[in-house]
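Those protein sequence lines, which keep their order, are chains A and B. Taking the numbering used here, the leading residue of the first sequence gets 1, the next gets one more, and so forth. Taking the numbering used here, the leading residue of the second sequence gets 1, the next gets one more, and so forth.
Think of the hints as simulated: they come from the structure by calculation, not from any bench. A virtual CB, placed ideally from N, CA and C, is assigned to each residue, including glycine. The reader is advised that the hints may include incorrect statements.
Here are the computed distance ranges between Cβ atoms for each label pair [what the hints assert, rightly or not]: (1) A:Asn232 - B:Arg89: 56 to 64 Å; (2) A:Glu94 - B:Arg252: 23 to 31 Å; (3) B:Gly212 - A:Lys71: 23 to 31 Å; (4) B:Arg89 - A:Ala195: 35 to 43 Å; (5) A:Gly136 - B:Pro22: 32 to 40 Å; (6) B:Arg89 - A:Glu248: 29 to 37 Å; (7) A:Leu17 - B:Met98: 42 to 50 Å; (8) A:Leu17 - B:Ile115: 36 to 44 Å.
Part of the chain B face toward chain A, derived, beta carbon under 8 Å [said to hold, decoys possible]: (9) Ala151; (10) Gly155; (11) Leu167.
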Amino acid sequence: MAFLTLEKLTKKFGTHLAVDGLSLEVEKGEFIALLGPSGCGKTTTLQMIAGFVDPTAGAIRLEGRDLLAIKPAKRGLGIVFQSYALFPHMTVAENVAFGLEMQGVVAAERTKRVAETLDLVGLGAFAVRFPRQMSGGQQQRVALARALVIRPSILLLDEPLSNLDAKLREEMQIELRQIQRTVSTTTILVTHDQAEAMALSDRIVVMNQGRAEQIGPPHEAYERPATPFVANFLGKTNLVNGTTVRPEKISFGTSGLAGKVRTRIFQGNHWLYQVDTDGGLVTVIRQNTGEAMPTEGAAVHLVWQSSPPPSSGEVPAGRRGS
Amino acid sequence: MSKNGPLALAYHTLFVAFMLAPILVVCWVAFTPEGFLSFPTDNWSLRWFYAIARYPEFVSAFWRSLWLGALSSAIAVGVSVPAALAIARYRFPGREAMTALFMSPLMIPHIVLGIAFLRFFTQIGIGGTFVGLVLAHIVIVLPFALRLTLASAIGLDRAIEHAAVSLGASEWVVLRRITLPLVLPGLASGWALAFINSFDEVTMTVFIAAPGTETLPVRMFLYIQDNIDPLVTSVSACVIAITVAALVVMDRAYGLEKLLVGRGVDGR
Numbered sequence: 001m002a003f004l005t006l007e008k009l010t011k012k013f014g015t016h017l018a019v020d021g022l023s024l025e026v027e028k029g030e031f032i033a034l035l036g037p038s039g040c041g042k043t044t045t046l047q048m049i050a051g052f053v054d055p056t057a058g059a060i061r062l063e064g065r066d067l068l069a070i071k072p073a074k075r076g077l078g079i080v081f082q083s084y085a086l087f088p089h090m091t092v093a094e095n096v097a098f099g100l101e102m103q104g105v106v107a108a109e110r111t112k113r114v115a116e117t118l119d120l121v122g123l124g125a126f127a128v129r130f131p132r133q134m135s136g137g138q139q140q141r142v143a144l145a146r147a148l149v150i151r152p153s154i155l156l157l158d159e160p161l162s163n164l165d166a167k168l169r170e171e172m173q174i175e176l177r178q179i180q181r182t183v184s185t186t187t188i189l190v191t192h193d194q195a196e197a198m199a200l201s202d203r204i205v206v207m208n209q210g211r212a213e214q215i216g217p218p219h220e221a222y223e224r225p226a227t228p229f230v231a232n233f234l235g236k237t238n239l240v241n242g243t244t245v246r247p248e249k250i251s252f253g254t255s256g257l258a259g260k261v262r263t264r265i266f267q268g269n270h271w272l273y274q275v276d277t278d279g280g281l282v283t284v285i286r287q288n289t290g291e292a293m294p295t296e297g298a299a300v301h302l303v304w305q306s307s308p309p310p311s312s313g314e315v316p317a318g319r320r321g322s
Numbered sequence: 001m002s003k004n005g006p007l008a009l010a011y012h013t014l015f016v017a018f019m020l021a022p023i024l025v026v027c028w029v030a031f032t033p034e035g036f037l038s039f040p041t042d043n044w045s046l047r048w049f050y051a052i053a054r055y056p057e058f059v060s061a062f063w064r065s066l067w068l069g070a071l072s073s074a075i076a077v078g079v080s081v082p083a084a085l086a087i088a089r090y091r092f093p094g095r096e097a098m099t100a101l102f103m104s105p106l107m108i109p110h111i112v113l114g115i116a117f118l119r120f121f122t123q124i125g126i127g128g129t130f131v132g133l134v135l136a137h138i139v140i141v142l143p144f145a146l147r148l149t150l151a152s153a154i155g156l157d158r159a160i161e162h163a164a165v166s167l168g169a170s171e172w173v174v175l176r177r178i179t180l181p182l183v184l185p186g187l188a189s190g191w192a193l194a195f196i197n198s199f200d201e202v203t204m205t206v207f208i209a210a211p212g213t214e215t216l217p218v219r220m221f222l223y224i225q226d227n228i229d230p231l232v233t234s235v236s237a238c239v240i241a242i243t244v245a246a247l248v249v250m251d252r253a254y255g256l257e258k259l260l261v262g263r264g265v266d267g268r
């Protein structure tokens, strides 16, 4: 039996269906990303697992037990909020110790575990600071330590990196992944950033209008998207003569679809092209290998290996959304 | 910081003068040796300050005002906390009506309240008592206490409380360890504003205070009805001095801006 099971989970706000019969099975230790645009129901799903929102219908089971029958304070889940939600009137150590205190862990043990967890997130030297004296990235780590120190059965991350700048976000992604591997806590991440979801998770749940459009490993979802929505949401796509092609799969050849380069943008590790063809405007991404590349206005031919079109029959059963 | 032009400077100077002049005039007159309100005065004397000692009822009225303000403001703040949390968080039937009711003492002239309380308190047998004064003052300072408590309750990030719940805190623990400490700056500001309003109140209190339960403003008001000597100016000067001293101490200890604007502990 799966570790965490969502069964036809549904939430209605008035007449609006925020989450529409979402079913999902999560294995122990797995890292799952709920990915989708704002309003797709991913945060509502997380809040139902946390217990801050009551589902209209459906069930949530943790190791076979009915999670909905348990009060939010007794669920033993670790949550990292988008705003970090640190206690501003407590020091870092007091923030992290709060959950242990609530569990009645004795002071000596508490001190030891707080120190261990702060070391894990690389903040061993910051125990006596207040949150307002720390940077966004550091506050983020405190929030993570506070959630992890209680050894939660599930770690819930609500857009945890969206308030950080791009460079820091990338560093934190790597670190978050390593920490999750170290503690091997089952993790559910809510994000609207497809790069973040793909970088971190074992499986992605692509959500749209309250439903799961596809559930599967990031690579599979990217290469074989179940629906046009998934294809578009996970990355740039071209629709050429009825087939969908990722821009990085197209190369310049001597024969093939004829076209003319409209714009060429240099982006360091790759070139981004917009090419006018008979089949419409085509986006092409070419790796920067240092070689000379076609310039703007040049006549080119586009070639690509025909990959399977976005079909609905290709995704293995059980990995699909409802 | 941008620089002020000459016109703006002149305007600010006039404005400050307009605000401060009455206070300075009162303090000046308090030092007159004459037996009447003489301004400007040529000679200086502490005569009217010594005179306060002959009127112990002024001193006891001062202490009564202090206690009355502190107590009624504290109770008003205590009542405001649950009301503010409910109004800030929930949408329930009667929410607007309740808010309007709590704010209504601001709308009703104090003289009307005074007459109403006089009649009501006499009927239930607490006319002219300190308890009556406290009850009446709670009503008039409640809008000030609630306004500032509400502002800090609205500014509270609910995710902080959710975080505490997810870590295993019961509702009571969340209130005591998280919510109350976070709204505390708002409560302190609400209390301070309520206290100032209570200490200052005369229009309503003059109806419900009896000899022996007079507040300082009431005592002064009654005194100037019968006397024209400068005793009230020396009493005023003392109150002004105490107020200035209290402001300086609070500014050093806590920061006046924090106290009066209700800024949170983390600067938000």
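Outcome of the hint check:
no.	hint	verdict
1	A:Asn232 - B:Arg89: 56 to 64 Å	violated (39 Å)
2	A:Glu94 - B:Arg252: 23 to 31 Å	holds (27 Å)
3	B:Gly212 - A:Lys71: 23 to 31 Å	violated (55 Å)
4	B:Arg89 - A:Ala195: 35 to 43 Å	holds (36 Å)
5	A:Gly136 - B:Pro22: 32 to 40 Å	violated (50 Å)
6	B:Arg89 - A:Glu248: 29 to 37 Å	violated (49 Å)
7	A:Leu17 - B:Met98: 42 to 50 Å	violated (33 Å)
8	A:Leu17 - B:Ile115: 36 to 44 Å	violated (58 Å)
9	Ala151	violated (17 Å)
10	Gly155	violated (12 Å)
11	Leu167	holds (4 Å)
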